[in-house]
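Undergrad: Hey, can you piece these two chains together into the complex? The hints should help.
Heads up: the protein sequence lines correspond to chains A and B, in order.
For what it's worth, my numbering labels the leading residue of the first sequence as 181, then goes sequentially.
For what it's worth, my numbering labels the leading residue of the second sequence as 4, then goes sequentially.
Since the hints were derived computationally from the structure, they do not count as laboratory data.
Treat each hint with caution, since some may be false.
[Said to hold, decoys possible] Simulated pairs of lysine-lysine, PhoX-like, Cα-Cα distance not exceeding 25 Å: (1) B:LYS47 <-> A:LYS391; (2) A:LYS275 <-> B:LYS47; (3) B:LYS328 <-> B:LYS357; (4) B:LYS358 <-> B:LYS305; (5) A:LYS439 <-> A:LYS377; (6) A:LYS378 <-> A:LYS415.
[As the list claims (entries may be wrong)] Partial selection, computed: residues in chain A whose CB lies under 8 Å from chain B: (7) ILE186; (8) ALA265; (9) THR266; (10) GLY267; (11) LEU268; (12) SER292; (13) GLU293.
Cβ atoms here follow ideal geometry from the backbone N, Cα and C, with glycine treated the same way.
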Amino acid sequence: MELKDIIKEKNLVYRKTPLMTDNILSYCPGCGHGTTHRIIMEVIEEMDIQSRVVGIAPVGCSVLAYDFMDIDMIQAPHGRAPAVATGLKRVMPDKFIFTYQGDGDLAAIGTSETIHACNRGENITIVFINNGIYGMTGGQMAPTTLPGMVSSTSPYGRDVKMMGNPIKMTELVAELPGTIYVTRQAVHTPGAVRRAKKAIRKAFENQKLDKGLSFVEIVSSCNSGWKMTPVQANKWMEENMFPFYPLGDIKIDGEMVSKKESQKITQP
Amino acid sequence: MKELRLMKGNEAIAEAAIRAGTDAYFGYPITPQSEVLEYLTAEKPHERTGMVVLQAESELAAINMIYGAASAGRKAMTSSSSPGISLFQEGLSYMAGSELPCLVVNIVRGGPGLGTIQPSQADYFQATKGGGHGDYHLLVLAPASVQEMADFVPLGFELAFKYRNPVMILSDGLIGQMMEKVELFEQRPRATEFDQSWVTTGKTSDRERNIITSLDLDPAGMEKHNRHLQEKYKKMQQEVRFEKIMCDDAEYLLVAYGSSARVCQKSLQLARDKGIKLGLLRPITLYPYPYQVIYELTDQIKGILSVELNTGQMIEDVRLAVNGKTRVEHFGRFGGMIHSPDEVLLAFEKIYLKK
Chain A
181 MELKDIIKEK
191 NLVYRKTPLM
201 TDNILSYCPG
211 CGHGTTHRII
221 MEVIEEMDIQ
231 SRVVGIAPVG
241 CSVLAYDFMD
251 IDMIQAPHGR
261 APAVATGLKR
271 VMPDKFIFTY
281 QGDGDLAAIG
291 TSETIHACNR
301 GENITIVFIN
311 NGIYGMTGGQ
321 MAPTTLPGMV
331 SSTSPYGRDV
341 KMMGNPIKMT
351 ELVAELPGTI
361 YVTRQAVHTP
371 GAVRRAKKAI
381 RKAFENQKLD
391 KGLSFVEIVS
401 SCNSGWKMTP
411 VQANKWMEEN
421 MFPFYPLGDI
431 KIDGEMVSKK
441 ESQKITQP
Chain B
4 MKELRLMKGN
14 EAIAEAAIRA
24 GTDAYFGYPI
34 TPQSEVLEYL
44 TAEKPHERTG
54 MVVLQAESEL
64 AAINMIYGAA
74 SAGRKAMTSS
84 SSPGISLFQE
94 GLSYMAGSEL
104 PCLVVNIVRG
114 GPGLGTIQPS
124 QADYFQATKG
134 GGHGDYHLLV
144 LAPASVQEMA
154 DFVPLGFELA
164 FKYRNPVMIL
174 SDGLIGQMME
184 KVELFEQRPR
194 ATEFDQSWVT
204 TGKTSDRERN
214 IITSLDLDPA
224 GMEKHNRHLQ
234 EKYKKMQQEV
244 RFEKIMCDDA
254 EYLLVAYGSS
264 ARVCQKSLQL
274 ARDKGIKLGL
284 LRPITLYPYP
294 YQVIYELTDQ
304 IKGILSVELN
314 TGQMIEDVRL
324 AVNGKTRVEH
334 FGRFGGMIHS
344 PDEVLLAFEK
354 IYLKK
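Chain B with its partners taken away, still in its complex shape (with noise of 0.2 Å):
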C-alpha cells in the first residue's frame, strides 16, 4: 500500500531501506545522519521483515560487517556523512576490488578534517572518482528531495546487484535534515532476483568453493582484473540519469546535483522573470556521468555555470563534457554555507552578462 508521510532526508532513507528489503544495517552515529540509525533501532526492522541492525564500534567496522553481510549475497547497507566516509575507503576499494554489491549512504558536511556538520558537495571527487587506492568507481546517485532519498534505496540496490558494485547515495545535511512529502512504496522482499552463484554461504558438494578477495599475487592477473572492472564501468555508462529544466531554448545553462540543483530551479525562475533565458542541467547519477547530453547542449548554450557546493569539483567533469566548446565557470558557497537563488543569479550576471 503506498503511503504519504511527511519526513526528514535521513528517516525516508531508513524506512525505505525496511521496505526495500535491506538484509542488514551497519552503522556508527555521525552528525547529520544519525536519525537514519536512530529511526531503525526504534522501528525493530527484525519483527517488521527480519532484517538486522547493528550499531558498529566504528566506521572501519561498520563497511567491513557489510563487507561480510554482502559476501553471503545479502542487501547490506550503511549510512555516515563525510570523516565516516573517509574510513569506509579502505573497505569500499575492497568490495569494489572483489565486487560486491552494497548501498552506502554520504549526508555530506563541509570539510576538510573534522569541518562542519553544514550541508556541504566538498565529498564530490572522493565520491565520483574512486575515493580509495586503485582504479575504481562507484556508482553515485545524487537525490535532490526526500523523495528520492526514499526511491534511490531500492534503485540503489538494484544497480548495486546488477554490477555488483557498491553504490553511493550522495546528499547532504540539507537534504538530510529538511522535512518533505513522501510517497512510500509498499514493501519489497529480501531476496533479490539477481545471480547469486558467488556467495559465500558454505561450500555445498554441487559446486567448488567460492572465495571472496581482492588479492592476485600475479601482476599479469591483477591487470587482466583491472580489465574486466573497466568493462564493468563502461557497461555502467548506460545507467547515466539525469534531468533537463528549461532547457529547450535556453541560451546559457547551469549544472546542479542536489540540494544545489534545488536552490537553482529557484535562480532558473527569477532568471526567467528577468528574460533571461537559463536553463538548468541536473545530473541524477555522478558516476556515470552525463557528458554525453551536456556536450549536446553546447549547440545553443553561450555559457555555462557549474553551481556547486564546494570550490569547483563537479566543474572538471563539465568541462570534460564540453570539451573546450564553451565556456565554463563554477559559482558556490562553501564550508557548510548555502548560496541562496539571488546569489546564483547575480554570479551568473557578473560572469555571462558582465553586469
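Bound-form chain A, shown alone (with noise of 0.2 Å):
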C-alpha cells in the first residue's frame, strides 16, 4: 500500500483545526495552554461561528493567543479582559465572546473585573486557566499557588499566614446570579481534553440562551514554572492541584451541583 492510498478522507483519524494557525507555538513543551487553545477553536469550527466570535487575551503567557488563533482578538490590559469583553459584548449581542486568562489576571489584579462581569450576568464565555503560578515573568506566587508551593517568591513554601490563602475563584463566582454555568477541567489526559471541550462547547452554546455568564476553569500545569518534567508536572498536579481544586461541574443551567453529583461526573 502506498501513502496515497492511505491519505484519504475515510482513514482520517485526526487533523488540525484550520482555526488554528500555522505559528509556532510559544508554550512550553508540557503546557496546557496550546491544548486549550485548540479545543477552543475546535468549539468555534464546529459551531460554525468564526465570523461571529471575537476573543480577549490577557497578559500573560498568553497574551500572544492571537498569534495562534485564527479568530478576530484583541489584547486587553493585565486583567482587565472581562471589562473589555462587557465593552464589546454590550455593543455587538449577537456575536460570540471570550475571553481567555491565567489565574495572575483573572484572580488577582481582574478580581474586580471577574466578580462583577460574573454579578452582572454579562452573556459572555471566561477561560480561566490556574497553573497556580505566574508563568511569563518567571514563576512567581499566584493568587492560586497553593499552600506551601515553592515559587520564586514563595521560595520557603507559600506560607498562608504570611503571603495569605490561596483564592477558589470558580467556587466564588459560582455563588453569584449572574453565572449560569461554572466549572472546573483539566487537559492533561485524553480523557479530561474531551470532557473539558465539552465544557467549553457548553459555555459557548449558553451564549445563544442569554442567561448569564459562563466561566470554565482549567487546572493546568506550569512544568517550567514548577521547576518539573511535563510527566512529574503532571503527576504533581493530580496529586496536589486537584484535591485543591476538585474537578467537575459546579454550577449547571443556573443551579448549584451538589458535590456528590459533582464528582460522579469527573469519574473517568
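TA: The following block contains the structure:
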C-alpha cells in the first residue's frame, strides 16, 4: 500500500483545526495552553461561528494567543479582559465573546472585573487557566499557588499566615446570580481533554440563551515554572492541585451541583 | 431640529452624547461630573437611539469597557473627574498604543490626591503630555462654555475616528456645573463614515483576522510602531484651534483656556476701560497646542501672562511657543479656588506695569 492510498478522507483520524494558525506555539512543551487553545478553536469551528466570535487575550503567557487563533482578537490590559468583553458584548449582543485568562490575570489583578462581570451576568464565556503560578514573568507566586508550594517569590513555600491563602475563584463566582454555568476541568489526559472540550462547547452554546456568564476553569500544569518535567508536573498536579481544586461541574443551567453529583461526572 | 435649552455643562455633554450618535457610554460616579451618567440613565437613550449606557464597577472597568466597544469600531465614551481620570490612564495608554478611537471627558477638580470637588486646571500636564506610560498623546479639546461642551462631543468623535486616537474634552467643575443657554444640534446617526477595516467584529472569509494590540515583543517593531504614532501626531497638528480676542492692537497678552479664559475675558474689558491694550489668546485645542500663533504675536507683544487654575503648567507650552522672545509669567489660583477678573488684572499690572 502506498502513502496516497492511505491519505483518504475515510482514514482520517485526526486533523488540526484550520482555526489554529501555523505559527509555532510559544508555550513550553507540557503546558496546557496549546491544548486549550486547540479545543476552543475546534468548538468554534464545529459551531461554525468564526465570523461571529471575538476572543480577548490577557497579559501573561497567553498574551500572544492571537498569534495562534485565526479569529478576531483583542489584547486586554492585565486583568481587564472581562471589562473589555463587557464593552464588546454590549455593543454586539449577537456575537460570541470569550476571554482567555490566567490565574494572575483573573484572580489577582483582575478580581474586581471578574467578579462584577460574573455578577452582572454578562453573556460571555470566560476560560480561566489555573496553573498556580505566574508563568511568563518567571514563576512567581500566584493567587492560586497552593499552601506550601514553592515559587520564585515563595522560595520556602507559600506561608499562608504571611502571604495569604490561595483563592478559589471558580467556587466564588458560582455563588453569584449572574453565572449560568461554572465548571472546573483539566487537559492532561485524552479523557480530560474530551470533557474540557464538552464544557467549552456548552459555555459557548450558553451565549445563545442570553442567561448569564459561563465560566470554565482549566487546571493546568506549568512544568517550567514548577521546575519539573512534563510527566512529573502532571503527576504533581493530580496529587496536589486536584485535591485543592477538585474537577467537575459546580453550577449547571444556573443551578448549583452538589459535591456528590459533581464527583460522579468527573469519574473517568 | 435645532433646539434651545438652559442646561448644566454636564447635562449638555450627556444630551450631546445621545445626539452625536454615541454607541456606548460606560461611567462611574464622581463629583463634579455625576450628572452625565444620571442624565443618560434618566433619558433612556437605548429607546431614543439604541445607545448603550452602563454604570461600571470602577473607572478601571469603565475605560476597559470603552476599549472593548471601541475595538468594534463603535463610538464609545466616558466621563470622570481627576481621581477617576488617573485610573483611566492605563486604558488610555493601551488605546493610544493600539490606536483606538474614543472620547473621554475630564471635569477637573482640585488635587493632588482626593483634593477638592471645586474647579481646577491642575490636570493640564496629565491631559496634554500623555498621562499614562509610553510616548503618546491624546487630542485635547478645552471648552469655555456650555455650548462648546455640547459641540465638542461630535467634534471629539470626528477627530477620534479620523486619527484613530483617544480624544479628551478637558473641562472643569465650573463649566460642568454652571447653566447656560445651549443650541442643541440635530440627532446624528450612530454610524461613522470612517474606515472600519480594522475592527474586531468577527473574522469573515473575505479578510485576514483583525487584532487589536499594543504589544510587540520585537523592539525594532515597537520602534517602528512608535515612529508611525509620531507621524500621526505630526498630522494632528493641523487640527490646532484657538480664539484670538482683542489681539490686533494688543501690547500685552493673556493666554488662558476653558473657565480661566472666561474669567480673563472680563479682565480684558477692565483693562481696556483703563486704556491698557491687553489681548487674550484662548487655546481651544491643548494638544495640538497653538504654538505658532503665540509665536507670531510676540512681534507686537511686550509680555505674556499665562492665567491658569493651577500653579503653572500651560506656561511651559507658552514659553516653548515664544522661544525666549518675550517675557512670560504665570498667574492663577489653585486647589479649587477661582481667580476673579480683578485679581487677574491686578496681577498683570503688578508684573508688567510695576503698579
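Undergrad: In ascending order, which of the hints set out earlier in this document are inconsistent with the structure?
TA: Violated: hint 7 alone.
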